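**Q** Here is what each chain is made of, one letter per residue.
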Amino acid sequence: DAGITQSPRHKVTETGTPVTLRCHQTENHRYMYWYRQDPGHGLRLIHYSYGVKDTDKGEVSDGYSVSRSKTEDFLLTLESATSSQTSVYFCAISRRGTNEKLFFGSGTQLSVL
Amino acid sequence: AQKITQTQPGMFVQEKEAVTLDCTYDTSDPSYGLFWYKQPSSGEMIFLIYQGSYDQQNATEGRYSLNFQKARKSANLVISASQLGDSAMYFCAMREGGGTSYGKLTFGQGTILTVHP
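Sequence lines, in order, name chains A and B.
Just so you know, this note's numbering puts 18 at position 18 of the first sequence, and the rest follows in order with no gaps.
Just so you know, this note's numbering puts 1025 at position 25 of the second sequence, and the rest follows in order with no gaps.
One or more of the hints may lead you astray.
To be verified - Coverage of chain A stretches by chain B, computed from C-beta distances (three or more under 8 Å per stretch; other residues unrestricted):
#	region
1	38-44
2	86-94
As the list claims (entries may be wrong) - Calculated lysine to aspartate or glutamate pairs in the DMTMM-like style (CA-CA distance at most 25 Å, straight line):
#	chain 1	residue 1	chain 2	residue 2
3	A	Lys101	B	Glu1015
4	A	Lys57	B	Asp1022
5	B	Lys1070	B	Asp1022
These aren't lab readings, by the way, just hints derived from the structure by calculation.
Owing to the predicted nature of the structure, the values given are computational and were not obtained by experimental measurement.
Cβ coordinates follow ideal geometry from the N, Cα and C atoms, glycine included.
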């Protein structure tokens, strides 16, 4: 157990509405990541954070923003959800001294109708 | 070009037999890391094994070993003595570069492994 909680676990929303996904960790790790998983694409990096207020874009960041005002919380926001953002979203942390392993949360299934 | 290629969409193996899942990668960076993750039907992502580009020995973790052939740019996962619980999706992933690339992985499309009793 990597101490990562994602909320909500499932969400259905309509096109054009804002959506925020939350990742909460209890182990005070600096590095946190958001990935999305889609069939045929594996997982792709959306945004990442190396500390409070230190965030940057990943491979598929268009349409997403993030915020990290506290070490334990990393928020992913879809400002205006589109059907192409229907996906499973995973939050991950990396622990110092673990050969750069990523430890993932349980994922959020998001459906945009 | 695909950075990580998993050419086997699905694989079948008999319980207690060994199975190899293929992964080839493409990078020009001399420093990189290769990972394998397992995703059972429950959906969680489970770390299995890691190989660094400068590691001299092939990585092993229990029944998992990574057959690292640097010149061929391949990083195949070998699962020995397959168990029914090994049935899952398996992802190969790569991190290119050093510290600033920490945690930024590129994943392959995955291979679904089915273990038959």
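**Q** Does B:Glu1015 lie within 25 Å of A:Lys101 when you go C-alpha to C-alpha?
**A** Not OK: A:Lys101 and B:Glu1015 at ~28 Å, beyond 25 Å, violated.
**Q** Can the region 86-94 of chain A be counted as covered by chain B under the rule of three residues or more with Cβ-Cβ separation shorter than 8 Å?
**A** Answer holds; 4 residues pass the 8 Å Cβ test.
**Q** Go check the region 38-44 of chain A versus chain B for me, would you? Three or more residues, Cβ under 8 Å, otherwise it fails.
**A** holds (count 5)
**Q** So if I understand the rule, the pair passes when the alpha-carbon distance is 25 Å or less; does A:Lys57 with B:Asp1022 pass?
**A** 30 Å, violated
**Q** Is B:Lys1070 close enough to B:Asp1022, meaning Cα to Cα at most 25 Å?
**A** 14 Å, holds
In terms of the numbered hints stated before, the structure departs from hints 3 and 4, listed from lowest to highest.
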